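Peer 1: For reference, the chains in residue letters:
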Amino acid sequence: MHPAFSVIFLTTLIGAGQGLFLALFSGQLYSAVNLLPAQESSFYITGSVIALGLMIGGLAASFWHLGRPERAWRAASQWRTSWLSREVIILPAVMGLVFIYGLLHFSGWHPNWFGNAIPNQPALIVGVITTLAVFILYIATGMIYASIKFLQEWASVLTVINYTLLGAASGFTLATALAAWQGSGLIGFYGTWAVILTLAGLLSRAASLYRNARIKYKSTVQSAIGMRHNAVVQKSMGMMGGSYNTREYFHGASAAWFKSIKYIFLVLVFPVPLLLLWAGFSTASVPLLATAFVVQYIGLLFERWFFFAQANHPQNLYYQTI
Amino acid sequence: MAVIHDPIQKPAGRTETKNTTCYMCACRCGIRVTVRDGEVRYIQGNPDHPLNKGIICAKGSSGIMKQYSPARLTKPLMRKPGSNRGDAEFEEVSWDHAFDVLEERLSHLRATDPKKFALFTGRDQMQALTGLFAKQFGTPNYAAHGGFCSVNMAAGMIYTIGGSFWEFGGPDLERAKLFVMIGTAEDHHSNPLKMELSKFKRNGGRFISINPVRTGYSAIADEWVPIKPGTDGALMLALTHEIIKQGLFDRDFLVNYTNSAELVNLDENSSEYGMFVRFEVPEEEGCFDPQNKLWWDRDLNKPISTHTPGADPYLLGEFKLPDGTPVKPAFQMLTERVQQYTPEWAENITGIPAETIRRLAYEMGITARDEKIELPIAWTDVWDNEHESVTGNPVAFHAMRGLAAHSNGFQSIRAMSILMSILGTIDRPGGFRHKAPFPRPIPPCPKNPTSPDDVQPNTPLNGMPLGWPADPDDLFVDDQGQPVRIDKAFSWEHPLSVHGLMHNVITNAHRGDPYRIDTLLLFMANMAWNSTMNTDEVRKMLNDKDEDGEYKIPFLVVADAFQSETVAYADLVLPDTTYLERHDVMSMLDRPISEYDGPVDSVRIPVVPPTGQCKPFQEVLIELGSRLKLPAFVDNEGTRKFRDYPDFVTNFETAPGSGIGFLAGWRGKGGEKAMRGEPNPDQWKMYEKNNCVFHYELPKSYQYMRNWNQGYLQWAQGNGLTRYAEPINCHIYSEVLQKFRLAAQDKNPGGRVPPQHLRKRIETFFDPLPFYYEPLESQLSDKHKYPLNAITQRPMAMYHSWDSQNAWLRQIHAYNYLYLHPQTAKAAGIEDESWMWIESMHGKVRCLSRYSEAVEPGTIWTWNAIGKASGAWNLDKDANESQQGFLLNHVISEELPASAEGDHLSNSDPVTGQAGWYDVRVRIYPASEGDEPVTFPQYEEMQAVPGTSPRRKWLQYFAGLFNNQKN
Amino acid sequence: MTQLALVIDLNVCVGCHACVTSCKQWNTSGAAGPLFDDNPYGKDPTGTFFNRVQTYEVGNYPNTETIHFPKSCLHCEDAPCVPVCPTGASYKRENDGIVLVDYDKCIGCKYCSWACPYGARELDEKEQVMTKCTLCVDRIYDESLPEAERKPACVMACPTNARLFGDVHDPDSEVSVAIREQGGYQLMPEWGTKPANHYLPRRKTKMHIHEDELVRVDNPLKKEDIRHKTTKDVTLDDWLL
Ligand SMILES: Nc1nc2c(c(=O)[nH]1)N[C@H]1C(S)=C(S)[C@@H](COP(=O)(O)OP(=O)(O)OC[C@H]3O[C@@H](n4cnc5c(=O)[nH]c(N)nc54)[C@H](O)[C@@H]3O)O[C@H]1N2
Ligand SMILES: Nc1nc2c(c(=O)[nH]1)N[C@H]1C(S)=C(S)[C@@H](COP(=O)(O)OP(=O)(O)OC[C@H]3O[C@@H](n4cnc5c(=O)[nH]c(N)nc54)[C@H](O)[C@@H]3O)O[C@H]1N2
Ligand code: SF4
Ligand code: SF4
Ligand code: SF4
Ligand code: SF4
Ligand code: SF4
Ligand SMILES: [Mo]
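Protein sequence lines correspond, in order, to chains A, B and C. Every letter in the first sequence is one number past the one before it in the working numbering, and letter 272, counting from 1, is 272. Every letter in the second sequence is one number past the one before it in the working numbering, and letter 925, counting from 1, is 925. Every letter in the third sequence is one number past the one before it in the working numbering, and letter 237, counting from 1, is 237.
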């Protein structure tokens, strides 16, 4: 596939935003049961704003992807069948919820429904719902790709797991940096989870790389045109100046470049952030932790590029590849 | 602007539908054009048209993009003073000015030396008018594309069976069981042939394609027989060998309808040596075979007049006439000739296994013999024999330029025609069928001038510019035997060049050999590019000046519809209309679109008005003819006779009161007559009402065996199609050729003899029996150095060079690859899709390679005329056509390397002057690191000429709204 | 239920591209509006075409088959491109099975094209909406056209009649009969998309020659009394008394 930057930014930005929210909320949840010290509401507010910001960025990028953004509202109509439609519904919902979540932290409205020990109960409730929505969003985003059976590299539960784990990992890395910046005591908590999630992401991403390297393609040029012979070679595509079919489904990069992207993302998403996290949270260094996030995020851009580029569409059998 | 929306609503606008005739190629299908608010909305095949019955091809369906092409010329242009030819610097002039300039120049030439005006036309369809104009002007220097196209096919077959493939006849696929297609990619009979092929296959017919390449039609063949280019003659002769050896020929047919049983004089001392013995020798007037030859009757065991009722002649054997003259039937001579041509011999030459050749011969012979067709159609032959039925042998052939475009093509095609004849398939169901006005006598009657005196100032030419020589006295040479025509047609170099040699005009005129001319008018010919051989040099010649600064070809007029490469070289450009904007006729006097069942002609009627100042070239000729007071265009007082071209078509008659004009339909005062009759003032309206086509269906009994069909021949004579109602026997043995050979052997007492240096050539190639020789260029090439054959093919979705300006078609063929077998490529170190060189003795081109398993490994090929010069056809400077596309013509020469016969001989068939396009030998090698990744040669960008419209950056064509659209 | 479709006979398709440009011209001024062409007179011209003809070579020299292969939307019965569309712009018509895009609803997200394994959809790069073969829905029901012309433009044009049009659910239709009797097949059956369009394979006519067909009583050579020369060698004739 031809990796579209709009989609690369969309998925990485909202993934990180969702992850950051998960970090914020898990912090609040832990503190609610006194496993962690409670945080200033400013911490949650800043966090929510950043998470929201990331998601707005993602949404904006997604508009870039649409040929007709002015009609985007129509995309909410087919939630019964289309994962894309579902994402289109869930994403704003998540954003709305995160907004409310931040607002509740900001408002200073603290009714007591479950006992005094638990601070900011409305935010907690909204947080639970939001968390649910965030997971649905991860699934929806992942399923957009995993549900297309023709793209065999994508059509796997690993796609959903990767979207979730990598999004969450980057969110927690960001949360670690945020905690350090805000001088909060959650550095260790977030840092540990960031490491765990990054390692889990490494595992699942490696699994999908392993799987994809061994894919047996269902379609062949023989089944594409219905000719039983080992030697079938396309000589003409029917057009010479290219078409949508040659532009949308080929990454256009050289084999060497393609391969190096894989190593770049493997290095940038996993070992480097891990090292930085390790170095950063022992010293609570904001720059180191911020770098960890930035590096990991950039790594994810490469990862996403690779994710798209690696997928071989069977239509390419008609357009001279695979 | 219309915006794309749900495809369920109806667009607004006023639409109307009109019929006319397509001209996206020379096939001339009937089309129905829907026009919405003045713009063309849809062009479909006319279901009521006899030729295409509703179907249409890729080109025909893209007419819209031709009509609105930015490459269209819309204004008359003069080269800017001081600019060079080729620079394409022009200024607009008025038509009045253009006509004044032409009138002044041409009337001077006509009054002094009409030869100095030369008119040559490309792949046009109005030779009836252009030929008439040339003749009336008095210049012999006229021809159309035939010489560089397929004259070998026309001459080889017409001199053998009185008709030909091309537009003159074809295979009867409706009834054939076996179809053998040789060297055809996409012929003029494009659509009908496709339609027939498919029906034929679906009916279970067997289709064999003989071709070095398997694409297009060959793709759907049941069997592909790859052959080395230029060797088909060997194959035809080996097939003939095997068919005769097995007795698989149609004896009855050979005896009755060919000259096979006629006795040839073999007395070497006689001036009649190699001629048929005649029992009485009256003055042989005209152009028919007098029936005064002899057979050797087996019962009486003595010679007898041919076709004597009850006679039963020998086909084989040798006999002595009472006076002691040794004679043999022609068929005996053929049998002796093909003795040496065994399948094993042919295998070495053609690359086709001997086993395959044998099998092919058996398939043909057995199908012809055992699958006989008999139709319950009674007919009478010219010898008054009544036949109860029409019979046929269902083996059909079709061949085109794969045979024709070689310098041994004439003899190969004769060999094929003879093979078709011994199988008994001429104008019979399931075989070859003629199309009116064919069959014609062998050779046909029109004769070219024969002496320099036939060209006189202010006088029409004495003879037709193009004719059919029957013997050396019909050549157009002076007393020294030197050519009179600028292209040296009808000279000893190419005696039977019945379509001229357009490919040598510029070279000859530039060299002043045989003389210099003044004005060259090119109509619809891209002679600075794809229809010229040696393109690079020809472009230089067009721009070359002599010592006094005068162009060697002083005045060049180009009549074209588009900004072609040739337009850049013009001194005067005349913008033509498109086919949707003009009246046109596909006349019986030229090459009509006849069907097997009878004559058909057709017309174009404008569906949209001319663009800008475009003027139909027909109108230009009528205007010029009137201004120059050419007799056909003015009355005795010298006043203009015809208002315009439609008026001319309605009222012109070949001779006063002949009743024969450009159109055969709806003649007579009220349109009640067909074929001949007085002019009908409403003729155009009647064509318009009848789908723009006139179809005269012959009675069934006239539809077959027309060479010998009394009813048909008398009908044809009565309707002015032929001069004589005499039988047209197939020439297994060609006396015409023998006459030339005798002249070369000094056995033509009192007649013309070839100049010394050409004697051997005439003697060799004018063999009355078919024979195989290697193409001339191969003979003169170092085949170790140049081991490969390079050929071109037409793509179905492009017509020559016309269609690169067509936004849709150029997306299909934006550039061309050089296709070659992977082994051939690897041996030369060439990778797939990489830059490579093709080099011949004459030049080299750089191009992109493409591996293919569908090509004979000794052959490389490319699509014809896709490559363009930068900026031509109003394409961007960096358009694919000029950067990745290439033209093979750069490595093909218009002249042969110097040899014993002289050093300026055309690279053509020595009999007909057919350009030997497919003879070129080449070598290939990879491009080197430093080579630029563009094709070679490159030319400086041609600037858009005044009057062309700006190139749009994008298109959203929507009929009715297009021209107001902002881009 | 009706399922309209094309059946393409590779046995007779000569790869002429008539179906390509006739489709283009019909549809560019058709009910849905123009079809876009980009850089039509420059480098790498490109544009929207609903139908393309491709060429494949099968086998090795000299046993090569050249296959011309036209392809447009196959109007899948289980069209995977439809459910994924977030806007409902892509739809399959109940009454005749034609898969269409409502260009007024499409947001150009390209998702449907990802879900088409056949590469049959093309984005209009100017209007930024997804386009595809409409099976000429604006011709086949147009009552202002003569009945015989209520067929897709490509079918009308095809010089070899390689394109058959009809209802593949009606067992007696021309298309169903052709599929049944001539081995009609679907593309990429492995995906279960059930394309409505089918392809008919190449068929070969062969000739078998029996040896005795070469030896016949009516061999015309016999008529020519080709006598063998008498031999000068001594034969039994010279001995027997
Ligand atoms: N679409 C389209 N149609 C056209 C034209 C066009 O430009 N485009 N041009 C028209 C014109 S002007 C003409 S003259 C006709 C010509 O129609 P064709 O004669 O079909 O034209 P070519 O493309 O020259 O095809 C020559 C074929 O002969 C093969 N060949 C070459 N050398 C040999 C050989 O030695 N032996 C054999 N057996 N085969 C050989 C080539 O591979 C090729 O397939 O087409 C007409 N129709
Ligand atoms: N290498 C190679 N070269 C070949 C061949 C080959 O097989 N191989 N084939 C040869 C053959 S068979 C032929 S017939 C020739 C064809 O050669 P030509 O007839 O010279 O070439 P075309 O490209 O057909 O274009 C002639 C001109 O006609 C113009 N034209 C198109 N429509 C109109 C119109 O309506 N009015 C006017 N006035 N002009 C118009 C075009 O713009 C173009 O400039 O090419 C020959 N050249
Ligand atoms: S074959 Fe030639 S005349 Fe017929 S539709 Fe095609 S371009 Fe037109
Ligand atoms: S129009 Fe017919 S023959 Fe031509 S490419 Fe299309 S399907 Fe094949
Ligand atoms: S061919 Fe592609 S676009 Fe057409 S219905 Fe099937 S999946 Fe959808
Ligand atoms: S591109 Fe248009 S038709 Fe396709 S899925 Fe998106 S909205 Fe639906
Ligand atoms: S059915 Fe209509 S839209 Fe579809 S390919 Fe044929 S002409 Fe084009
Ligand atoms: Mo030609």
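A couple of the hints might just be wrong.
What the hints assert, rightly or not - Which stretches of chain B does chain C cover? Using the computed rule of at least three CB atoms under 8 Å from a CB of chain C, they are: (1) 43-49; (2) 203-215; (3) 807-817.
Since the hints were derived computationally from the structure, they do not count as laboratory data. From a predicted model like this one, the values you see are computed outputs, not experimental measurements. Every residue gets a Cβ at the ideal spot worked out from N, C-alpha and C, and that includes glycine.
Peer 1: The structure should be examined with respect to each hint, and the outcome stated for every one.
Peer 2: Status of the hints after comparison with the structure:
1. 43-49: As far as the segment 43-49 of chain B goes, the hint holds, because 4 residues have Cβ atoms under 8 Å from chain C.
2. 203-215: Held - the segment 203-215 of chain B has 6 residues with a Cβ nearer than 8 Å to chain C, which meets the minimum of three.
3. 807-817: Contact hint for the segment 807-817 of chain B vs chain C: holds, 7 residues under 8 Å.
Checked against the numbered hints given earlier, the structure satisfies every one of them.
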